[in-house]
Structure formats: C-alpha cells, structure tokens
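**Student:** Take a look at the letters that make up each chain.
2 protein chains.
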Amino acid sequence: MRKKLQVGNIASIQKIFTMELVEQFAEISTDKNPFHLNEEFGKASIFGQRIVHGMLVASLFSALLGQKLPGEGTIYLGQTLNFKKPVFINEEVTASVEIIHMRDDKPIVKLKTICTNSKGEIVIEGEAVVRI
Amino acid sequence: MRKKLQVGNIASIQKIFTMELVEQFAEISTDKNPFHLNEEFGKASIFGQRIVHGMLVASLFSALLGQKLPGEGTIYLGQTLNFKKPVFINEEVTASVEIIHMRDDKPIVKLKTICTNSKGEIVIEGEAVVRI
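Protein sequence lines correspond, in order, to chains Z and L.
Reminder that position 103 of the first sequence reads as 327 in my numbering, one-by-one numbering, no gaps.
Reminder that position 107 of the second sequence reads as 331 in my numbering, one-by-one numbering, no gaps.
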C-alpha cells in the first residue's frame, strides 16, 4: 500500500545516457536531429559536442512519477519543461520530483520536476500534474 | 537553406507505437510503469488496456521541430504537455506543430503542438518554444 503522500516528499534518480541509448531513442521516436547523432554537427554547434534529446532526459520524470513518487497507478495529466542547458552524452544527470501541492477536492498532485547535471546546474525544470 | 518561416506554417507526422517500441522506450528511459508493460495491469486499469508512455508520444513533437518545422538546427527551449487521453499500443497517432508566434527581437518561435488519435480526438496538446 502506498504511504501517505504530503507536500515536500521527494524522489530522485541518477542516469547516464550513452550514445547507444541516444541512438536507440532516435530510432524509436523518429527524432534523428543531427544535434544528437552527428559528431561533426555536434562539434560545430553552439554546444561543442553531441547532446542528449531533451525529451529523453525528461522521460526520467515520467519514470519517477510512475514508479517512485507518487508511484504505481499514477496517471500523467500534464508536464511543463524548460530546457535550460544541454545534457551531453555520457554525462550523469539527476532527475528529481517533489510534491508542491495536493488538491483537497480531487486526487490530483502537483510536483516540481528538476534535472541537474554533474556540476549541480539545472538542465531541465518544470512541473508535473498527476492523478493518484 | 531554410525557407522563410511564418505564423501558420504546419508540419505533421504519423506514427504507430508497437509493443516492441514501448518496451524499448521503457528500457531506455527506465520508465517501467505497469500501465505500459503489464497486460493484466492494463486490462484492470481505467484504460482497459496497455497504453503508450505519454513522453514517448510527445517525442514526436521534438522529432518534428528538429527535422521539419523549423527544421535542422532548431534548439528546444520549452514544451508544455497536457495529456488529454491515452494512446493505445498499435494505434496510429498524428502529431502536428504549427507556428503561432515569432518574436521580432529574437530568433524565437512559439508553436502549438497537438497529437490526435485515429478518431481525430486530441490526445496531447501544448506549446513548444524554440530558438531558430
């Protein structure tokens, strides 16, 4: 049984997206943007190297919401995403979700969703709304 | 060379997410929520069957933005997502992006992003902000 949820509850996950994972995601999503796949394009870009798809990094929020907090049975209603900085191939990132509001009238919870890089810089921030 | 962009430009893509693609995405993203992977759980859920990860469906917007409109070189700054209805395994969806605003002072474009199912119902809606 799920423990009682409350504002301030936090869950997080670490992940390294390798080139292999990025290439697999490109195939599945059809997102073959050269920023992610082409070494020369990445080097010549403002980022200086290939970067991980923002939507792949953001999928860590979905993973956390459905498996850790609130956990199994959670239904995703909405997500906002601000892509603040690039995430590089093989860079460890930490995604975290924190409950910031629980509605009294409905089983709906709002969470702050943040992803940081190994320097502690925020790479993605936003909010999720879920039904529990 | 990219053609001149203007408000009203639209691009779209069709996609069917098979069970195999959903399982691959679950591995890559670590999102192994039973709504997506477990047949019995899906049948017993309010959806009546397994559903595709919302974030996987939303990745079609990223694919469109980076490859069709605005196209190559586009940098993703933000995305809002409202998950309105479930997308089922093997169901064809159509994702589309439409330019709704272009800033005069900076090369920043806002697009309406919508995904519909085979009945024409909106399954995801939101907005993207990109740098061109």
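I should point out that these hints are in silico values taken from the structure, not numbers from a laboratory.
Accuracy of the hints is not assured; some may be wrong.
Just so you know, same-sequence chains aren't split out, so a pair can sit in one copy or run between any two.
[Claimed, not checked] With a straight-line Cα cutoff of 30 Å, these simulated DSBU-like cross-link-like pairs (lysine-lysine) come out:
| # | residue 1 | residue 2 |
| --- | --- | --- |
| 1 | 228 | 343 |
| 2 | 334 | 309 |
| 3 | 267 | 292 |
| 4 | 292 | 334 |
| 5 | 267 | 330 |
| 6 | 308 | 334 |
| 7 | 256 | 228 |
| 8 | 343 | 309 |
| 9 | 343 | 330 |
| 10 | 228 | 336 |
| 11 | 308 | 256 |
**Student:** All the hints need checking, so say for each whether the structure fits it.
**Tutor:** Structure-based check of all given hints:
1. For a Cα distance limit of 30 Å, the shortest separation of residue 228 from residue 343 qualifies neither inside one copy, at 33 Å, nor across copies, at 39 Å.
2. In this assembly of identical chains, the alpha carbons of residue 334 and residue 309 lie at most 30 Å apart whether taken from the same copy (24 Å) or from different copies (19 Å).
3. For the identical chains of this complex, residue 267 and residue 292 are inter-copy neighbours only, at 22 Å across copies versus 37 Å inside a copy, given an alpha-carbon limit of 30 Å.
4. Proximity of residue 292 to residue 334 under the C-alpha cut-off of 30 Å is restricted to the intra-copy arrangement: shortest distance 15 Å within a copy versus 33 Å between copies.
5. Proximity of residue 267 to residue 330 under the C-alpha cut-off of 30 Å is restricted to the inter-copy arrangement: shortest distance 24 Å between copies versus 49 Å within a copy.
6. In this homomeric assembly, residue 308 and residue 334 come within 30 Å of each other (Cα to Cα) both inside a single copy, at 21 Å, and across copies, at 16 Å.
7. In the homo-oligomer, the alpha carbons of residue 256 and residue 228 lie at most 30 Å apart only across protomers (22 Å), although the nearest pairing inside one protomer, at 42 Å, exceeds that limit.
8. Taking identical chains as interchangeable, the C-alpha atoms of residue 343 and residue 309 lie at most 30 Å apart only when both belong to the same chain, with a minimum of 12 Å there against 38 Å between chains.
9. For a Cα distance limit of 30 Å, the shortest separation of residue 343 from residue 330 across copies, 29 Å, qualifies, whereas the shortest one inside one copy, 38 Å, does not.
10. When the C-alpha separation of residue 228 and residue 336 is checked against a cutoff of 30 Å, the pair qualifies only within one copy, where the shortest distance is 18 Å, while the shortest distance between copies is 37 Å.
11. Taking CA atoms no more than 30 Å apart as the test, residue 308 paired with residue 256 passes in both settings, with 21 Å inside one copy and 27 Å between copies.
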